[in-house]
Each structure stands twice: as structure tokens, then as C-alpha cells.
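Trainee: This is what each chain is made of:
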Amino acid sequence: MASWKTMDPAHKRYVIRTNLFMAGYVAVNVAAITGAFDQIIGTSAGVALGLCVAAPIAGQLWATLSLMNEADEFVRALTAKRFIIASGLAMALFSGWGFAESYGTAPHAPGWIIYPLFWGLFGLVSPFVKSSGR
Amino acid sequence: MKNTLRELRTGKGWTQEQLGQALGVSRQAVNALETEKHDPSLDLAYRIAALFERAVEDVFDNPHA
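Protein chains in written order, with our numbering: chain A, 38 to 171; chain B, 262 to 326.
These aren't lab readings, by the way, just hints derived from the structure by calculation. Please note: incorrect hints may appear among the correct ones.
[Claimed, not checked] In silico BS3-like links for lysine-lysine, alpha-carbon gap of 27 Å or less:
no.	chain 1	residue 1	chain 2	residue 2
1	A	K118	A	K49
2	A	K42	B	K273
3	B	K298	A	K42
4	B	K298	A	K49
5	B	K298	B	K263
6	B	K263	A	K167
7	A	K167	B	K298
8	B	K273	A	K118
9	B	K263	A	K118
10	A	K167	A	K42
11	B	K273	B	K298
12	A	K167	A	K49
All chains, full assembly: derive it from the sequences and hints.
Mentor: Here's what the structure looks like:
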């Protein structure tokens, strides 16, 4: 992993954008956990709040696509490969869990888990995906 | 794809970082090319060949030849 000093400009912009979007995501959720939105939980305003939390997620995806646009062809191909593998695994795992809920006795997993699950898997597969091709 | 990039680069006394700057790609991309973890696009292959004033096939082995 490159340090900030040796990091290329595209990656620096990606890190800044990611931190900004994730700060928003964490701030809203920490506020909700600590009771800042207790009056609106379970109301239509709560639904709107839930959708607002998705905005930083969309922003983070934009940051990733921007990195792919601004980086060189190797980084672009590598990021795409890791992204596809991680999203495929996240969808398979989450779908599997959903069916285990429907057909079995698995406890309910909230939908928002797929996002941290995806990035957790992205981090997990990245050290093993170092080639842009086969 | 097998190539002579490392030999050409070290022959010039360049680091991967310096070659990356000359080509407009990251050091990681240069390393991936040298270790055969990335097959370059036609555009990048021509840029590399032009930088070292060689034919593309002098830098990259043609796997179909």
C-alpha cells in the first residue's frame, strides 16, 4: 500500500472523497444510534432519513468510478475485477442468507448489511487479486 | 505477456516510478507489466515501444507468432 507521499493524484482524490462520504454515512448512523432521531423512527420521516443514508453510498460508488476514470489502465482493470468479485460474493452471500430466512430459521439480516459486507469482501479479496487478466 | 521491459528500464538506469512518469502510468502499472500481471493495451504497448525506440515485438513477445 502506497503512503500518502508516494500515492498518485487519482488515489489521493479517491481517499479524500471516500473519507468525506464515509464521514457522512457514519455521522448519520452514530446520531441515529445515540437517539438523535428517536422522534421520527417508525414514521415516514424515518423512511426519508433511511434513504438519506444511501446518498453517501451512492457518493462512494461515484468516487470509485472516478478513480477508475482518472487512474491508468492497470488500476482501472484491477479495480473493476475486484469490484465484480466482491459484489458477486456479497450478492451471493446476502441472497443465500435471505433464502435461509425464508426457507429456514436464519435470523433476519437488515438490508443495509450488504454495503459493509461488500466493502469487507472487497478488502478481503484485494490481496489475492493482483493481476488484471486471468 | 512476456516482455523485456525490466531490462530496457534498468538499461536506462530508471526506476519504475520514473518509467511510470514517462509513460503517464502508475509505478504499480509498470511493476504489473514487468511481472506479467498486466497485458498492456495496444496504445500503452506502442507508447512503451516508442519511448525505448524499439518495435513493439522487440519489447513484448507475440504469443500468437
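Trainee: Is K42 of chain A close enough to K273 of chain B, meaning Cα to Cα at most 27 Å?
Mentor: 25 Å, holds
Trainee: Take the C-alpha atoms of K118 of chain A and K49 of chain A, compute the straight-line distance between them, and say whether it is at most 27 Å.
Mentor: 21 Å, holds
Trainee: So if I understand the rule, the pair passes when the alpha-carbon distance is 27 Å or less; does K263 of chain B with K118 of chain A pass?
Mentor: 22 Å, holds
Trainee: Run the distance test for K298 of chain B versus K42 of chain A: straight-line Cα separation, threshold 27 Å.
Mentor: 25 Å, holds
Trainee: Take a quick look at whether K167 of chain A and K298 of chain B sit within 27 Å of each other, Cα to Cα.
Mentor: Holds, at roughly 7 Å.
Trainee: Are the Cα atoms of K298 of chain B and K263 of chain B separated by 27 Å or less?
Mentor: Distance of about 10 Å is within 27 Å: holds.
Trainee: Run the distance test for K167 of chain A versus K42 of chain A: straight-line Cα separation, threshold 27 Å.
Mentor: Between K167 of chain A and K42 of chain A the Cα gap is close to 22 Å, so the pair holds against 27 Å.
Trainee: Check whether the Cα positions of K273 of chain B and K118 of chain A lie no farther apart than 27 Å.
Mentor: 33 Å, violated
Trainee: Checking one constraint from the list: CA of K298 of chain B to CA of K49 of chain A, max 27 Å. Satisfied?
Mentor: 24 Å, holds
Trainee: Assess, step by step, whether the Cα of K273 of chain B is no farther than 27 Å from the Cα of K298 of chain B, and give holds or violated.
Mentor: It holds: about 23 Å lies between the C-alpha atoms, which stays within 27 Å.
Trainee: Measure nothing beyond the straight line between the CA atoms of K263 of chain B and K167 of chain A; if it is 27 Å or shorter, mark the hint as holding.
Mentor: 17 Å, holds
Trainee: So if I understand the rule, the pair passes when the alpha-carbon distance is 27 Å or less; does K167 of chain A with K49 of chain A pass?
Mentor: Judged against 27 Å, a Cα distance of about 20 Å means the pair holds.
Against the hints set out earlier in the document, a violation occurs for number 8 only.
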